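Protein chains: 2
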Amino acid sequence: MKRIKLEVAYDGTNYRGWQIQPDEVTVEGVLNQALSVLLNEEITVIGASRTDSGVHALGNVAVFDTNTMIPPEKISYAVNQHLPWDIRVQSSKEVAEDFHPRRIKSKKTYEYCILNRNIAIPTKRLYSYFVYYDLDVDAMQEAANYLVGEHDFKSFSSIKTQVLDTVRRIYELRVERDGFMVKIRVVGSGFLYNMVRIIAGTLIEVGRGAKTPADMEKILKGRNRSLAGPTAPAQGLTLLGIEYENQ
Amino acid sequence: MKRIKLEVAYDGTNYRGWQIQPDEVTVEGVLNQALSVLLNEEITVIGASRTDSGVHALGNVAVFDTNTMIPPEKISYAVNQHLPWDIRVQSSKEVAEDFHPRRIKSKKTYEYCILNRNIAIPTKRLYSYFVYYDLDVDAMQEAANYLVGEHDFKSFSSIKTQVLDTVRRIYELRVERDGFMVKIRVVGSGFLYNMVRIIAGTLIEVGRGAKTPADMEKILKGRNRSLAGPTAPAQGLTLLGIEYENQ
Chain C
1 MKRIKLEVAY DGTNYRGWQI QPDEVTVEGV LNQALSVLLN EEITVIGASR TDSGVHALGN
61 VAVFDTNTMI PPEKISYAVN QHLPWDIRVQ SSKEVAEDFH PRRIKSKKTY EYCILNRNIA
121 IPTKRLYSYF VYYDLDVDAM QEAANYLVGE HDFKSFSSIK TQVLDTVRRI YELRVERDGF
181 MVKIRVVGSG FLYNMVRIIA GTLIEVGRGA KTPADMEKIL KGRNRSLAGP TAPAQGLTLL
241 GIEYENQ
Chain V
1001 MKRIKLEVAY DGTNYRGWQI QPDEVTVEGV LNQALSVLLN EEITVIGASR TDSGVHALGN
1061 VAVFDTNTMI PPEKISYAVN QHLPWDIRVQ SSKEVAEDFH PRRIKSKKTY EYCILNRNIA
1121 IPTKRLYSYF VYYDLDVDAM QEAANYLVGE HDFKSFSSIK TQVLDTVRRI YELRVERDGF
1181 MVKIRVVGSG FLYNMVRIIA GTLIEVGRGA KTPADMEKIL KGRNRSLAGP TAPAQGLTLL
1241 GIEYENQ
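Protein sequence lines correspond, in order, to chains C and V. Position 202 of the first sequence, counted from 1, bears residue number 202 in the working numbering, the numbering being contiguous throughout. Position 144 of the second sequence, counted from 1, bears residue number 1144 in the working numbering, the numbering being contiguous throughout.
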């Protein structure tokens, strides 16, 4: 028996998120099925990040145990033959048998894309959030800086969250303009439910002048979801990758 | 009565191309309908480029005649309210009443995107052609250079084409790598049916070593479709824009 770690890319448009659910098409469900067919074993993956409905990934991580004789590195190519084109396993390798993708310390990188121009571009609509008022990227970066470090992010967490400990660490939070795209890139030790999308929604409010950069400190200290901006829509968000220590 | 010129962007994924056809959803058909509802007149646009099923556009051009009192520049915003999100009019303005988008001399710019890496990326699948063998971009550019200028492009035209004059002028043809995307950008006076996709398919053959750059000269001189490479798939192609003289 060996444990295999996969890096999984997907277009979230046609999925009800990562996590398996009865009667819903989810990335986890489709991946379990493809691996089970390929390996002729009942496979159940453990995912690192249970991304929401409509959120995309370039490098989510999943592990599973198998007795297969297929060399670990070849599994990615083989399983892709059994997957639809909107899910592609990017790599596969053997890891320690106690490797658990949610319990081992990691750095996750997310990107939120905002299409910021007068008129929307149809080919970008599934992978960005269209905002037509001109965004002040410098103000957004100034606001973002308040969030870097270890903080209680209760204000930036969905009221639906069930976790009690809302302290997280953000290593990096950058807002950059790349032509008509404004990209928010955040690296953190882990994120609360909807946290990146609420950060994006709040930074957009700063960018259009509805909030000031200094408001970020008050929002953070207030520990109250209603102080932050709206949850930005799912399709702008992509999980770029997850780095594990010693892996 | 005035003539209005539109720049139209669309995601071609869900359309049977530009040109109106009975019982098919086409960009032209949807645009005619939206304009007719908005302006309360029977509107029939004349399109500049009848892009194929699955091809995208950032700036196709269409004109139509109307008696509306809506200021020409406002029509784009107004008609977008009546269009699905995969079609967005980017601009609207009044032009001379004899302006015909296919008869007036123009420069059209197309881009063909190739995702060139080991494993496909799901979020790019609708807007690029996935090629896993490593492409030699320098060889592709060398091959492309043979096509610049005025030539008989019969070898690069679908056998289905009905035009007799297959001479066209390419002003510019550049092949560039942008990370894992290889982009072919071509500016020309006009293109034969499938010409850009056949050029892309042939350059890909050069890029993977199946043809040499010098073969391009023979293909061009042979005036025979079977000498060139395959027609690259539609979803990699985007009509970026059309420039008209004196407009």
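Think of the hints as simulated: they come from the structure by calculation, not from any bench. Quantities reported herein were computed from a predicted structural model and do not represent experimental measurements. We put the beta carbon where it would ideally sit given N, CA and C, even for glycine. The reader is advised that the hints may include incorrect statements.
Think about it this way: if two alpha-carbon atoms lie no more than 20 angstroms apart in a straight line, the pair counts; the simulated DMTMM-like pairs of lysine to aspartate or glutamate are [what the hints assert, rightly or not]: (1) V:K1093 / V:D1178; (2) C:K93 / C:E73; (3) V:K1124 / C:E94; (4) V:K1124 / C:D86; (5) C:K124 / V:E1111; (6) V:K1183 / V:E1097; (7) C:K2 / C:E97; (8) C:K124 / V:D1152; (9) V:K1218 / V:E1205; (10) C:K105 / C:E73; (11) C:K74 / C:E94; (12) V:K1183 / C:E150; (13) C:K5 / C:D152; (14) V:K1218 / V:D1134; (15) V:K1105 / V:D1152; (16) V:K1124 / C:D178; (17) C:K183 / V:D1178; (18) C:K74 / C:E111; (19) V:K1124 / V:E1111; (20) C:K5 / C:D98; (21) C:K2 / C:D98; (22) C:K124 / V:E1150; (23) C:K218 / C:E111; (24) C:K154 / C:D165.
FRET-style restraints, in silico, Cβ to Cβ [to be verified]: (25) V:H1082 / C:S226: 34 to 40 angstroms; (26) C:V25 / V:G1190: 41 to 47 angstroms; (27) V:V1025 / C:W85: 20 to 26 angstroms; (28) C:D165 / V:K1093: 54 to 60 angstroms; (29) V:H1082 / C:G179: 27 to 33 angstroms; (30) V:R1223 / C:N118: 55 to 61 angstroms.
Check each numbered hint against the structure and report the violated ones by number, ascending.
-> 1, 3, 6, 8, 10, 12, 13, 14, 18, 22, 23 and 30
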